[in-house]
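So the protein lines, in turn, are chains Z, R, F, E, C and S. Each residue of the first sequence is one higher than the one before, starting from 22 at the first, in our numbering. Each residue of the second sequence is one higher than the one before, starting from 22 at the first, in our numbering. Each residue of the third sequence is one higher than the one before, starting from 22 at the first, in our numbering. Each residue of the fourth sequence is one higher than the one before, starting from 65 at the first, in our numbering. Each residue of the fifth sequence is one higher than the one before, starting from 65 at the first, in our numbering. Each residue of the sixth sequence is one higher than the one before, starting from 65 at the first, in our numbering.
Hints were generated in silico from the structure; no laboratory data involved. Every value quoted in this text rests on a predicted model; they were computed, and no experiment measured them. Ideal Cβ placement from N, Cα and C applies to all residues, glycine included. Hints may be right or wrong, so weigh each one.
[To be verified] Ranges of calculated distance between the beta carbons of each label pair, as one might list FRET restraints: (1) F:F301 to R:H72: 51 to 59 Å; (2) S:S107 to Z:E256: 43 to 51 Å; (3) S:R108 to R:E356: 26 to 34 Å; (4) Z:H72 to F:L55: 48 to 56 Å; (5) F:K269 to R:G140: 34 to 42 Å; (6) C:M65 to F:L55: 56 to 64 Å; (7) R:I71 to Z:L295: 29 to 37 Å; (8) F:H72 to S:S130: 53 to 61 Å.
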Amino acid sequence: MLLPAALFATGLMPLFADGGQFARIVESLERNLLTPIPLCFLLGIISTRIHGGIKIPKELYYSIAIFLLMSIGFIGGHELSHEYQLHGVSTIWKPALVTLFLGCLTPITSFVVLRYVGGMSIADSAGIAAHYGSTSAVTYAVANSFVEQTQHPADSFLPTLVTLLECPGIAIALVLGAALSAKERAAKAADGLPGKPVKKSKLGEALYEVMTGQSIMLMAGLLVIGFVSTQFMDEKGFQPFYEFFQSKGMLFRGLLCIFLLEMGLVAGERLGDLVKVGPFLVAFGILMPLVHGFLGAWMGHLAGLNLGGCTVLAAIVASASYIAAPPAVRLTLPEANPTYSITAALAITFPFNIAFGIPIYFEMAKWVGAQ
Amino acid sequence: MLLPAALFATGLMPLFADGGQFARIVESLERNLLTPIPLCFLLGIISTRIHGGIKIPKELYYSIAIFLLMSIGFIGGHELSHEYQLHGVSTIWKPALVTLFLGCLTPITSFVVLRYVGGMSIADSAGIAAHYGSTSAVTYAVANSFVEQTQHPADSFLPTLVTLLECPGIAIALVLGAALSAKERAAKAADGLPGKPVKKSKLGEALYEVMTGQSIMLMAGLLVIGFVSTQFMDEKGFQPFYEFFQSKGMLFRGLLCIFLLEMGLVAGERLGDLVKVGPFLVAFGILMPLVHGFLGAWMGHLAGLNLGGCTVLAAIVASASYIAAPPAVRLTLPEANPTYSITAALAITFPFNIAFGIPIYFEMAKWVGAQ
Amino acid sequence: MLLPAALFATGLMPLFADGGQFARIVESLERNLLTPIPLCFLLGIISTRIHGGIKIPKELYYSIAIFLLMSIGFIGGHELSHEYQLHGVSTIWKPALVTLFLGCLTPITSFVVLRYVGGMSIADSAGIAAHYGSTSAVTYAVANSFVEQTQHPADSFLPTLVTLLECPGIAIALVLGAALSAKERAAKAADGLPGKPVKKSKLGEALYEVMTGQSIMLMAGLLVIGFVSTQFMDEKGFQPFYEFFQSKGMLFRGLLCIFLLEMGLVAGERLGDLVKVGPFLVAFGILMPLVHGFLGAWMGHLAGLNLGGCTVLAAIVASASYIAAPPAVRLTLPEANPTYSITAALAITFPFNIAFGIPIYFEMAKWVGAQ
Amino acid sequence: MHLYPLKLVTVVGETVIMEEIAEEVIKLGATGFTLSDVVGHGSRSTRNVLISGEAKTRKLEVVVPSEVAVTILTYVSHNYFEHYACIAWLSDVAVVRGDQYVGKQ
Amino acid sequence: MHLYPLKLVTVVGETVIMEEIAEEVIKLGATGFTLSDVVGHGSRSTRNVLISGEAKTRKLEVVVPSEVAVTILTYVSHNYFEHYACIAWLSDVAVVRGDQYVGKQ
Amino acid sequence: MHLYPLKLVTVVGETVIMEEIAEEVIKLGATGFTLSDVVGHGSRSTRNVLISGEAKTRKLEVVVPSEVAVTILTYVSHNYFEHYACIAWLSDVAVVRGDQYVGKQ
Ligand SMILES: Nc1ncnc2c1ncn2[C@@H]1O[C@H](COP(=O)(O)O)[C@@H](O)[C@H]1O
Ligand SMILES: Nc1ncnc2c1ncn2[C@@H]1O[C@H](COP(=O)(O)O)[C@@H](O)[C@H]1O
Ligand SMILES: Nc1ncnc2c1ncn2[C@@H]1O[C@H](COP(=O)(O)O)[C@@H](O)[C@H]1O
Ligand code: NA
Ligand code: NA
Ligand code: NA
């Protein structure tokens, strides 16, 4: 329990360095919380807890997910195209590198904390680390809405960064888990205890599946499509596509409400598992994002991102995947108990980020000097 | 057959009191009928009757239902917030009380007519009464579109009234049915005839399920969300949510077309059951709404609603539920034959209201003096 | 292999008659290809080929199909109503006759080429001919987007023509197939070989099902609804419906992207079957549309269509059905191998039309003199 | 518990034929049936190519007396096995109040 | 292969009662169950009229020891056969590591 | 009616493993299979936590000769029983033109 406290200090300390900070956070929180998106999430949680009747057909949920991913990609490609025409790659390469670096760092910090502070098994540590090393597109969408509402829109190429952040974390955590499990197993076998060999092929397969998974294919694919069609189409022809996918538009915002309602329903069901996962994982699910978020805000600022950009980068670095990571972990590290990772990612970190994290990262970004 | 005639008289008489009334109704009818929403309903009926190939995936139907309920709630909350800022509760409490009163009255009138005029069994009477005591959100939506098209938009807090009207009627009818069945059973048992005891627990469960059902949770939940976010968000941030849910907007109207197409498909299938349910229930399905509608228009006017508001209140009081009521009735009154209630609510009353009822209630509202 | 060559010549020759033609086609291609709709189709193909994770729930695909058909019908009815008010039927009857004529001709040309040039069985020839005699609503939608982007919008009554073109081709091919199969069977039976009799009832049933199928019911039904409500509603009331269904609008264009993504996924799976169907069918799937497209452009011009109209008529005549035709063929000509017809229609002709065909028909239409 | 020995006939095949089979099954003497959407793979699955919002393959389950079971299987195998993707099998079941399902005939 | 002889209980009925039955089945001693959405037709199918996004009919499958199977069927037939559309049957199965499914009781 | 006695193997388990099992089943000698989406509850159902548009649990049915059935069950129980939520059972069926499903091997 020493490290968590240290982590907590690292994460929150800067925020209280000056006096009015806390009041500003509270105000940000209010401005964030009392909007339809987090309120729909809350409604979902309430409905589940009181055994209410709200049910979102899984096809609707899935269809909205597809739309959101396509939209993030398309608008990202469109903005990137403008950025590229104005500045070439000069503004983009540093943030991209920083994002990749954070994508490699966060699964390792997560693993180390889980294994050596929390004393969890190799498989469980690696499994959870895979979730925290990747990112949640919905957290991105909510963070993006937030900064737009505060009149500090993020740099145009943030969707590109989301795409970059999706894979490396999962890959690193899975490889780490597989390698350490194998070592442990070898050690056990030397002690005379039998142990099943890891199927190498499955690891490769799972990594391939992560890299060509729905999220990446849709975001990266539509990014290219948005980029190309911005270059080649005249504005009038482009307009209806832009309106459809537009992340400030009614479809994106409205569908995000319905999506968060469903996420609330699912998270509400998971809340009962909080007892099962124990206090360490609850603390981890709140403090780890604060640390990662701080790193994101700070390094984003170093790489030249604006205030909105730093906030959003912090949010996505702090967020944990609950779409791409679970099946990959389930296939490669079957001994890992999915209840731990899903509960942490979905019932702790996700709601924390939506409700409190994002405004906190916003203040962190201001504090490190982003504008 | 005496009472139906009396009911008929009560319901329609006022309308023919003066001469030009009938012509005005016909004109209203035309203006209502030749618009996409009722025409899509008609297309659905035709498709089913000629065994045409139109099939709406149930997930689409269900998703649209979710959207419509959320939209009614959200826009309702938004309007309520304005109303509240202007007038406090002064304009609202009377209509709310009247709505609750009508919610308690209509299941009883329905039950009495069904049991003592129609001679139906206790279970069947109570089952049907539960449907007619509750309300149909889609009828609300269509009525609302109608009054907006006639340039007489309803008072802003009508969605609140829909929410209030959803539950009490079902609860009263079910309790009535369960109590009377128990009494009858006790009487029979005294006569030496065996009878199964009602499971009390089931009644409680069913009532809880009605009160926390999808319709209520979504409408009431989004009402609160719409109210709160109107208060706390600036207009620009609120705009995309407003556009998405906006009941005059393209999404609401367009999706309502698709929804009514599916309702037409279902109602068309049920038309074949008209023979099974017999002439009494057909008459009931048309006359009862006229009576309830008249009460709605009249008492709405007394409570201070405007012309659009009276029309819409009449329509929702006259409408019968076919979403919340059926499962509740099926669980608590299993002896009730669902063919009766569903056919009456869906194949008689719903189409009647959509096609003829709403314009008639509009004229009724005018006739009682609403403006 | 002689006839295909001849067909090829017939179809393409005109285009190279003058020098700059080829360059213009390339430019048209570029303008067509680098837009979101064909790019999404490409993304779908790529995802399938690399075993990527994109999956569109079939309910979403189906829901979009319903929307597109309703939209084509509704906007068609709306435009037709304006056209009718201005010109009566004077501008429409010739294009309608031409369309019907082409609907009767194309299954026969297809059958003859397949049977006598390709040497395919009667059942297979008739089955494929049924697909090429009918039309693809999505090809219509893409062609329509294309001509609107080139600032040459098609005549307003084109959706009416799509509706007219849907059925006759399937009917003629199925009847042809059934009749010739019966004759062949009779001949074989005379030779002492047994053969099962065709069930006449099934043919009638299948034809009825085609004529009352989803596509026709929705397009024709909404055409009537669009027509009627344009006549009877005031503009303000009509507006939200118009915006919802509007084929230049964001919903239509955006959903078309998602639809084509799914079509790409399906076509990508079918690409593997190209080897199975052999080079003749591949050639047929490209050359037959060119011939039919040329006929469409030319006869459309004779009937008085404008440049956009000729292009779109060419595209729909050239297109092959893959929604209405397959089940009808499967039921009436079970000996026909569906792999042939579906692969040709979906993996050859559809992508060819989307990527290359439409711009080529545009140039053909210019070449025959349409403006 | 009155359990009545009957047969469960299961047919899995292309969607396009399953509704027809379900209707016929009633004519052949079944009192009801249960249909479900499945995803299938078999020797002729390339034939199974409908593109639409519907499942491409469907499963039909019918509880019937032994004679009706044979009639159904004969009907299915005569009419659909040659040209359509489908499989059919039979198993023994003990049905609650099973006499209800002996039906007309 | 350790195969353990157990019973497979299948209940097909109106959606409105199936969740209740599934819960009860666990109380009666089953260790788990499998539910699926189906489309059904039967003698009382006119009773089956819910309109909603859910399937109107559902199938429940439970693997249990013979005694539990009888208890389940008795429960179902006592409570639901009279007023609800449903059918229930029993068949013999051999279950992998089947001793796991004998459960509490 | 030529009815051929074969085995019906049923496996119900987490979606994440079912496609893999279906593919393997073909390698082990089945000529086809039928998959369906179900909702399940079992002793390890907390493991079953994927959130996505897909059903969380799937059912696989395969008609095979007795030896292949045993091979399949052995494969499934060896590879998946320890860490994944799943159940597998076997039953007797009589298959129309069942010799078709004896397949390669
Ligand atoms: N051996 C099998 N076991 C289970 N289902 C099968 C088997 N073979 C075929 N099927 C099912 O029957 C359908 C038609 O099979 P086929 O006629 O072999 O193409 C397939 O789509 C599967 O759903
Ligand atoms: N003979 C049967 N075989 C298979 N399923 C049946 C049969 N009869 C009824 N069912 C199923 O059981 C449900 C209720 O049947 P019933 O109670 O007869 O209306 C139906 O919806 C069917 O899904
Ligand atoms: N006794 C049972 N009867 C029927 N299905 C079961 C049973 N136990 C488990 N299942 C199914 O097998 C899946 C995995 O079960 P388990 O491994 O016990 O968690 C569950 O999700 C159910 O669908
Ligand atoms: Na992360
Ligand atoms: Na009512
Ligand atoms: Na054609």
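Which of the stated hints cannot be reconciled with the structure, identified by number in ascending sequence? Structure breaks hints 1, 2, 3, 5, 7, 8.
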